[in-house]
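Number of protein chains: 2
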Amino acid sequence: MVDRQSFSYKDSGVDIDANAVWVKRIQSAMGSTYGPRVLSSAGAFAGMFRLSNGNRGNDYKQPVLVGCADGVGTKVLLGIKAKRLFGLGIDLVAMNVNDLITCGAEPLFFLDYLAVNKLDPNALLELIEGIADGCRQADCALLGGETAEMPDLYAKGDFDLAGFSVGVVEQRRTIDGQHVAPGDVLIGLPSSGVHSNGYSLVRRVITANKLNLKKKFDELGETLAEAVLKPTKIYVRDVLGLLSAYRVRAVTGMAHITGGGLAENVARAIGDGCDAVIEKGSWQPPPIFPFIQKHGVKPAEMFKVFNMGIGFILIVRSRYAAGVMRKLDDSGASPHVVGHVTRGTGKVRLR
Amino acid sequence: MVDRQSFSYKDSGVDIDANAVWVKRIQSAMGSTYGPRVLSSAGAFAGMFRLSNGNRGNDYKQPVLVGCADGVGTKVLLGIKAKRLFGLGIDLVAMNVNDLITCGAEPLFFLDYLAVNKLDPNALLELIEGIADGCRQADCALLGGETAEMPDLYAKGDFDLAGFSVGVVEQRRTIDGQHVAPGDVLIGLPSSGVHSNGYSLVRRVITANKLNLKKKFDELGETLAEAVLKPTKIYVRDVLGLLSAYRVRAVTGMAHITGGGLAENVARAIGDGCDAVIEKGSWQPPPIFPFIQKHGVKPAEMFKVFNMGIGFILIVRSRYAAGVMRKLDDSGASPHVVGHVTRGTGKVRLR
Chain A
232 MVDRQSFSYK
242 DSGVDIDANA
252 VWVKRIQSAM
262 GSTYGPRVLS
272 SAGAFAGMFR
282 LSNGNRGNDY
292 KQPVLVGCAD
302 GVGTKVLLGI
312 KAKRLFGLGI
322 DLVAMNVNDL
332 ITCGAEPLFF
342 LDYLAVNKLD
352 PNALLELIEG
362 IADGCRQADC
372 ALLGGETAEM
382 PDLYAKGDFD
392 LAGFSVGVVE
402 QRRTIDGQHV
412 APGDVLIGLP
422 SSGVHSNGYS
432 LVRRVITANK
442 LNLKKKFDEL
452 GETLAEAVLK
462 PTKIYVRDVL
472 GLLSAYRVRA
482 VTGMAHITGG
492 GLAENVARAI
502 GDGCDAVIEK
512 GSWQPPPIFP
522 FIQKHGVKPA
532 EMFKVFNMGI
542 GFILIVRSRY
552 AAGVMRKLDD
562 SGASPHVVGH
572 VTRGTGKVRL
582 R
Chain B
232 MVDRQSFSYK
242 DSGVDIDANA
252 VWVKRIQSAM
262 GSTYGPRVLS
272 SAGAFAGMFR
282 LSNGNRGNDY
292 KQPVLVGCAD
302 GVGTKVLLGI
312 KAKRLFGLGI
322 DLVAMNVNDL
332 ITCGAEPLFF
342 LDYLAVNKLD
352 PNALLELIEG
362 IADGCRQADC
372 ALLGGETAEM
382 PDLYAKGDFD
392 LAGFSVGVVE
402 QRRTIDGQHV
412 APGDVLIGLP
422 SSGVHSNGYS
432 LVRRVITANK
442 LNLKKKFDEL
452 GETLAEAVLK
462 PTKIYVRDVL
472 GLLSAYRVRA
482 VTGMAHITGG
492 GLAENVARAI
502 GDGCDAVIEK
512 GSWQPPPIFP
522 FIQKHGVKPA
532 EMFKVFNMGI
542 GFILIVRSRY
552 AAGVMRKLDD
562 SGASPHVVGH
572 VTRGTGKVRL
582 R
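Chains A and B are the protein sequences, given in the same order. For the first sequence, position 254 matches number 485 in my numbering, and the numbering has no gaps at all. For the second sequence, position 246 matches number 477 in my numbering, and the numbering has no gaps at all.
Calculated from the structure, these hints are not laboratory results. Mixed in with the good hints there might be a few duds.
Since the list can't tell identical chains apart, any single copy or any two copies may satisfy a pair.
Unchecked claim - Here are the simulated lysine to aspartate or glutamate pairs, EDC-like style, with alpha carbons at most 20 Å apart:
1) Lys387 <-> Asp290
2) Lys525 <-> Asp242
3) Lys314 <-> Glu453
4) Lys292 <-> Glu401
5) Lys292 <-> Glu357
What you are looking at is a predicted structure, and each value in this text was computed from that prediction instead of being measured.
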């Protein structure tokens, strides 16, 4: 026992008052994402969100809620190093809502968890504003979150962030891959770059080759920091716009291309009775991928870890494929037909 | 550029195959929490949860979804040190669902985010099983989650975890404190101990006094590790059981006592037109609180940081207070009348 000494929470590295200031500053970012369905008030223990658009009755006959949790991996470490935090906020939302829409769900709201060494409101506000921007792109509300100061768990200047999103879909409109059938067509939507997976490998390549993040490379047409930290594309409007145009089941499966690349993620979207064939020559990977490859990653490993330029796959009944391509083209989604479904046992072949 | 060298994702510290094994092992823990409303299948991009109990129609006329995000703070560091991870899983669920029920919401599902230095399935399975146990106590489904290996962000053996939960409440049954009125009675439910807030201070006290976590202290009646790592009480069944017994608004507000203690959290539960008075002598704080205090924390700071033995407060119309007390007693919740509401300006006075 220590005599005459007294410990306070603030001495221990946690400043409740600074936290109150921070909470105020993020409220306007949150407010920018609110629609009429948000019911909660600032300071509440939990965020409240009305399921129906109208004030009375219910828009869904058999609502199915869909939930996702995801982070952005070690892309945070690159973002911190390059002092580019806004994009990480968009990445965080993207990783979650792009998963959510694979079920056919409309994103409703998002919550974030931010764990920091020390709360630096000026630096971190940029991150929250990125999250709010991502939420606006995904038409969902930033309903709440948690910011935790943990000086003994995170190194100085470091932080980690996790996100969580909830959506809803009418039960008979859920998409879970069980209707995928031989003959279906795989339509790929371009990624904006590496998105948010494979950054332990990206960072390894940068370190081992002593690459300068601030250097502008001719083959990239921009600095390395700009190329590797480009925010993940959010596919919500393209995909939900398309789905709402069909009353029939034109889209039978969808895959968000994350860790594991095209093969592993498309495998999650098809049933056990089908295979998928993906034609690697049917699109042109953006320059960041050949750039990484030439700095020491084998081609097979590239396809196992990265999206290689296709961030989202729709599996479409062949009779609707032309119409789907046209609609996606019209919405500016730049789709490519990248493969098709055959009879099989749940495998994906890249050729 | 490095000649002849080739980098793989596994070399970079991320083992996708080990992750696949881990995913399999947590599926049985998740399955133990599933009811008939869970629709999703393993390996899906997102978890699906049917809002209605019946297969047809909708149980809610105007469903309001409620969402929370929270972590367990630096209690993780103590849990890691003492090798007691199961309880941390319960803490994680508790921190979220106890927030959720303050709105009157029924918890539906939970998702976790676990970020680790290195995936050690044997050690971390205990944590996931704790999360599943917490979900069963809260009658909600562990619908999914994300495990991220980030060797460069977390020190060896360290991890962080965040949780997210979603609930639902009929709109006319939401509780948001706007009906709190002078004369209402504050009923406190006992905490199991420190719960999951204030651990930077707890750890400071332990370190500065060189206290041994494994030592059994007479005044605690158990080891220090047991006392400070006791899992957070989950109030879901006590509170929802009580609410379902009333068709009228017997409960006008609720507060989960977290960081900021009784004063700050009860203030969040009352409107601007009321004050609350809490009588500090109306319950007996469990031994861990005087223990911490005598090792160097001032009484006022104790009340600002810790729950001091009351983990949850219900604000109840006085005419229903006796009935509420009886019902909570019958359910084994051991309630105490700890104060009352007066006219005021949103302040909370402890006396």
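Results of checking the hints against the structure:
1. Lys387 <-> Asp290: neither (48 Å within a copy, 49 Å between copies)
2. Lys525 <-> Asp242: Between copies only: 17 Å across chains, 50 Å inside a chain, cut-off 20 Å.
3. Lys314 <-> Glu453: within (16 Å within a copy, 48 Å between copies)
4. Lys292 <-> Glu401: both (7 Å within a copy, 16 Å between copies)
5. Lys292 <-> Glu357: Intra 40 Å, inter 39 Å, cutoff 20 Å: neither.
Of the hints listed earlier, those the structure fails to meet are numbers 1, 5, in rising order.
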